[in-house]
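Colleague: The residues making up each chain are set out below.
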Amino acid sequence: MHFFETHRLTKAFGGLIAVNNVTFHVEEGEIYGLIGPNGSGKTTVFNLITAYYPITSGTIRFRGKEMNGLPTWKVCKEGIGRTFQIVKPLARMTVLENVMTSAFCRTSNTAEAREKALEVLQFCEMEKKIDFPAKGLTIGDRKRMEIARALATSPKLLLLDETMAGLTPQEQADGVQLIRKMRNAGITIIIVEHIMHVIMNLCDRILCINYGQEIARGTPAEVANNQNVIEAYLGKE
Amino acid sequence: MKSLYAKIAVLALLAVFPLFVGSDYYRHLVIIALMWVVIGASWNLLAGYTGQVSFGHAIFFGVGAYTAGLCTTQLGISAWWGMLLGGPAAMLVGILIGFICFRLRGAYFALATIAIAEILRLIAIVWRDFTEGMQGILIIQTFRSKVPYYYLALGIAVICMLLIYKIIKSKWGFYFIAIREDQDAAEALGISTFRYKSLSLMVSSFFTGLAGAFYMNYMGFIDPEVVFSLHFISIMAILVSIIGGAGTMWGPSVGAFIMVMLQELFRSSFFGYAPSWVSHAHAMAFGVLVILVIRFMANGVVGDWSKITNLWSKGKPAALVTNGN
Numbered sequence: 001m002h003f004f005e006t007h008r009l010t011k012a013f014g015g016l017i018a019v020n021n022v023t024f025h026v027e028e029g030e031i032y033g034l035i036g037p038n039g040s041g042k043t044t045v046f047n048l049i050t051a052y053y054p055i056t057s058g059t060i061r062f063r064g065k066e067m068n069g070l071p072t073w074k075v076c077k078e079g080i081g082r083t084f085q086i087v088k089p090l091a092r093m094t095v096l097e098n099v100m101t102s103a104f105c106r107t108s109n110t111a112e113a114r115e116k117a118l119e120v121l122q123f124c125e126m127e128k129k130i131d132f133p134a135k136g137l138t139i140g141d142r143k144r145m146e147i148a149r150a151l152a153t154s155p156k157l158l159l160l161d162e163t164m165a166g167l168t169p170q171e172q173a174d175g176v177q178l179i180r181k182m183r184n185a186g187i188t189i190i191i192v193e194h195i196m197h198v199i200m201n202l203c204d205r206i207l208c209i210n211y212g213q214e215i216a217r218g219t220p221a222e223v224a225n226n227q228n229v230i231e232a233y234l235g236k237e
Numbered sequence: 238m239k240s241l242y243a244k245i246a247v248l249a250l251l252a253v254f255p256l257f258v259g260s261d262y263y264r265h266l267v268i269i270a271l272m273w274v275v276i277g278a279s280w281n282l283l284a285g286y287t288g289q290v291s292f293g294h295a296i297f298f299g300v301g302a303y304t305a306g307l308c309t310t311q312l313g314i315s316a317w318w319g320m321l322l323g324g325p326a327a328m329l330v331g332i333l334i335g336f337i338c339f340r341l342r343g344a345y346f347a348l349a350t351i352a353i354a355e356i357l358r359l360i361a362i363v364w365r366d367f368t369e370g371m372q373g374i375l376i377i378q379t380f381r382s383k384v385p386y387y388y389l390a391l392g393i394a395v396i397c398m399l400l401i402y403k404i405i406k407s408k409w410g411f412y413f414i415a416i417r418e419d420q421d422a423a424e425a426l427g428i429s430t431f432r433y434k435s436l437s438l439m440v441s442s443f444f445t446g447l448a449g450a451f452y453m454n455y456m457g458f459i460d461p462e463v464v465f466s467l468h469f470i471s472i473m474a475i476l477v478s479i480i481g482g483a484g485t486m487w488g489p490s491v492g493a494f495i496m497v498m499l500q501e502l503f504r505s506s507f508f509g510y511a512p513s514w515v516s517h518a519h520a521m522a523f524g525v526l527v528i529l530v531i532r533f534m535a536n537g538v539v540g541d542w543s544k545i546t547n548l549w550s551k552g553k554p555a556a557l558v559t560n561g562n
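Residue numbers (the working numbering), protein chains in the order written: chain A, 1 to 237; chain B, 238 to 562.
If you're looking for bench data, these hints aren't it; they were derived computationally from the structure. A quick note: this is a predicted structure, and the numbers were derived from the prediction, not measured. Where hints are given, some of them may not hold.
[Said to hold, decoys possible] Simulated crosslink set (DSS-like; lysine-lysine; CA at most 27 angstroms straight-line):
1) K239/B <-> K383/B
2) K383/B <-> K74/A
3) K406/B <-> K77/A
4) K135/A <-> K406/B
5) K156/A <-> K129/A
6) K129/A <-> K406/B
7) K408/B <-> K128/A
8) K408/B <-> K88/A
9) K74/A <-> K88/A
10) K408/B <-> K135/A
11) K135/A <-> K88/A
12) K129/A <-> K181/A
13) K77/A <-> K156/A
14) K406/B <-> K88/A
15) K156/A <-> K408/B
16) K128/A <-> K88/A
17) K135/A <-> K65/A
18) K544/B <-> K129/A
19) K383/B <-> K544/B
[Stated by the list, open to error] Output of the computed footprint for chain B on chain A, the stretches with three or more beta carbons under 8 angstroms from beta carbons of chain B:
20) 61-73
21) 79-89
22) 97-103
[Stated by the list, open to error] Derived CB-CB ranges, DEER-like:
23) K239/B <-> Q122/A: 23 to 33 angstroms
24) H7/A <-> L400/B: 26 to 36 angstroms
25) H2/A <-> I332/B: 53 to 63 angstroms
All C-beta atoms in this analysis are idealised placements derived from N, C-alpha and C, irrespective of residue type, glycine included.
Generate the whole structure from the sequences, applying the supplied hints.
Modeller: Pasting the structure below:
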C-alpha cells in the first residue's frame, strides 16, 4: 500500500480529455514533482484530488482509503491540504484571521485556533505581518499566506500549485527553504511548478504529463534528459 | 473599552426611556425600531457576514407572524405561544430553502427568496379558510400599555445581539466570513459551505420569525400585504443593514433607528410641516438615500464612521467628494 496513489485517473470535459489514465504514487515524506507544459492538465489533477471536479474514471487512494466521491471539505479533513495557482486570499480578513479560519479545521476553540495560527505563521516567518489585511499583501506574501493557511489545517499531504510563480529570485530561494522545512516537519508534498531549478532542487521523483497523459517519470536527472520531455517543452528539431 | 462603555450607556438609556417618555407615540417608534434591530441583525448575519443575500426576509417574518396569529384563530390558544413557535416555524422554512438552494452558488438563493415570499403572500391571500385571507388576523392585545411590549422588544433585541455577537466571534463567524470571501477557498480549508450557509440561515430565519411573532402580539393585526410585503419587510431589512453598515456588528442596529425615524418623517409628511404628497414619496426618498450611501459611504454609517467624524472635524464638505471611494 502506498501513502498516496492515483490509479488510471481520467477526467473528460465533454469530448476533451484533460487528464488521461494518469497513474502515480507518492510515499510518505517524499517531495513529488508534477510538471508539464501549459495546459497539460497538472492543475486538473489537483482539482480531481481535492474534488473540485468529479472524476470521470479511475481511483484516488490516500493512506489506504478511497477518496472518490468525498466532497472537497472532507478531503481536507482527511489530511490533504492545497494552495491555489491563482491565490484565493480571504481578502477582507487579516493574515492571522485567514490562518485562524483554517486552524478551526481541527478545533472549535478560538484560543486554540489562534495559538495554532500563530505557531504556523511563525513557522512560515510571517509573524511580523499577522495584522495586515490580506488584500494589501504583495504576491509573494499572498502565496506564503496560502501555504500557512494550508499548513494550519494540519495536512499529512500538501498540494502546492505553482507557489513560486511571480516571485523574485530571493523569494523563490526562501520558498524552497520553506518547502524543505515542511518536509522535515513530516509533511509529504506534491508540487506543480514551472520553474525548473526549483523542481530539480526539491523533488525526489517527477512525473511529466502532456495533453493529460504521462510522457516521462523518474528522478529529476532522468526526466530532464528524457527526449519526450525536451520535445514537449521545446518542440521537435 | 471606550466602545463597551458607549454600548452600556446606550443600553441604559434604552432601559430607562419609557420611564421618562410617557408618550405612547414615541414609545411605539422605539418598539418598532427595536424590532428592526432584530430583523436587521438577522439579515446582516446571513448577507453581510455569510454573503448570502436574501431579498425575501418577509418569508420568515410572515411565517413567524402567522404562526402566532394562527395559534389563536386555528388552535384557540394565546398568540403568545407564537413567541415560542414562530421562531422554530420560520427556521423550518429556512432549512427547507437552504436545503434546496445552498447546493448551488450565485444568484439562485436570492432569486428563490423573492419567489418564495411572493408565493407565501399569495397563499395567505387565497387560502381564506386557514388564514382569513385579505381580512387578515385580528387578535385582542394582552396589554393596553406600551411598556410591557417595550421591555419585551428590548429583551429580544439584547438577546439577539448578544447571541449574534457570540457567533461572529466564534468558529462559525470565521467560517461565515470565509464563505462570503471565497467559497472555493473555504472548501479547501475544510469548511462545508453547504452546512455553514444553512446554519447562518437557520439563526437568521429564527430571529426574524421571532420578530414576526412579536409583531402579531404587539400590533394585534396582520394581513398578507403587510407581513409578506416585499417593500415593507424584505427591502426594509436590506435598507436597515446597508444604511447602518452591512457586515459590521452594530451597523444594522444604528440603521434600524435611522430607517424607522426616516419612515416616520415621511409617513407623517415631516409632522405635517411638508405638503401631504411627501408621504407618498418615501419609497423614492429611500432610493435616493441608498444611492447616496453607496456613493459616499459604501460601508454604511457604522462601517464608514471615521469618514463622518473626519468630515465633522474638518468641516469642509469637499472631503466627501475626494474620499468618496
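Colleague: Could you run down the list of hints and mark each one as holding or not?
Modeller: Going through the hints against the structure:
1. K239/B <-> K383/B: 33 angstroms, violated
2. K383/B <-> K74/A: Cα-Cα ~52 angstroms, so violated.
3. K406/B <-> K77/A: 23 angstroms, holds
4. K135/A <-> K406/B: With Cα atoms ~21 angstroms apart, K135/A and K406/B stay inside 27 angstroms; holds.
5. K156/A <-> K129/A: This hinted pair holds, its Cα atoms lying about 26 angstroms apart.
6. K129/A <-> K406/B: Roughly 21 angstroms between the alpha carbons, so the hint for K129/A and K406/B holds.
7. K408/B <-> K128/A: 24 angstroms, holds
8. K408/B <-> K88/A: Answer holds: K408/B to K88/A is near 20 angstroms, not above 27 angstroms.
9. K74/A <-> K88/A: 19 angstroms, holds
10. K408/B <-> K135/A: 22 angstroms, holds
11. K135/A <-> K88/A: 10 angstroms, holds
12. K129/A <-> K181/A: Roughly 20 angstroms separates the two Cα atoms, so the pair holds.
13. K77/A <-> K156/A: Since the Cα atoms of K77/A and K156/A sit roughly 10 angstroms apart, the hinted pair holds (cutoff 27 angstroms).
14. K406/B <-> K88/A: Distance ~23 angstroms between K406/B and K88/A Cα, so the pair holds.
15. K156/A <-> K408/B: 23 angstroms, holds
16. K128/A <-> K88/A: Given pair K128/A, K88/A holds - Cα atoms ~21 angstroms apart, limit 27 angstroms.
17. K135/A <-> K65/A: Violated, because 37 angstroms separates the two Cα atoms, which is more than 27 angstroms.
18. K544/B <-> K129/A: 26 angstroms, holds
19. K383/B <-> K544/B: Measuring from Cα to Cα gives roughly 38 angstroms; hence the hint is violated.
20. 61-73: holds (count 3)
21. 79-89: With 5 residues in contact (Cβ-Cβ under 8 angstroms with chain B), the coverage given for the segment 79-89 of chain A holds.
22. 97-103: Answer holds; 4 residues pass the 8 angstroms Cβ test.
23. K239/B <-> Q122/A: 23 to 33 angstroms: Since K239/B and Q122/A have Cβ atoms about 32 angstroms apart, the given range 23 to 33 angstroms holds.
24. H7/A <-> L400/B: 26 to 36 angstroms: Given about 49 angstroms between the Cβ atoms, the range is violated.
25. H2/A <-> I332/B: 53 to 63 angstroms: 42 angstroms, violated
When held up to the earlier numbered hints, the structure conflicts with 1, 2, 17, 19, 24, 25 and fits the remainder.
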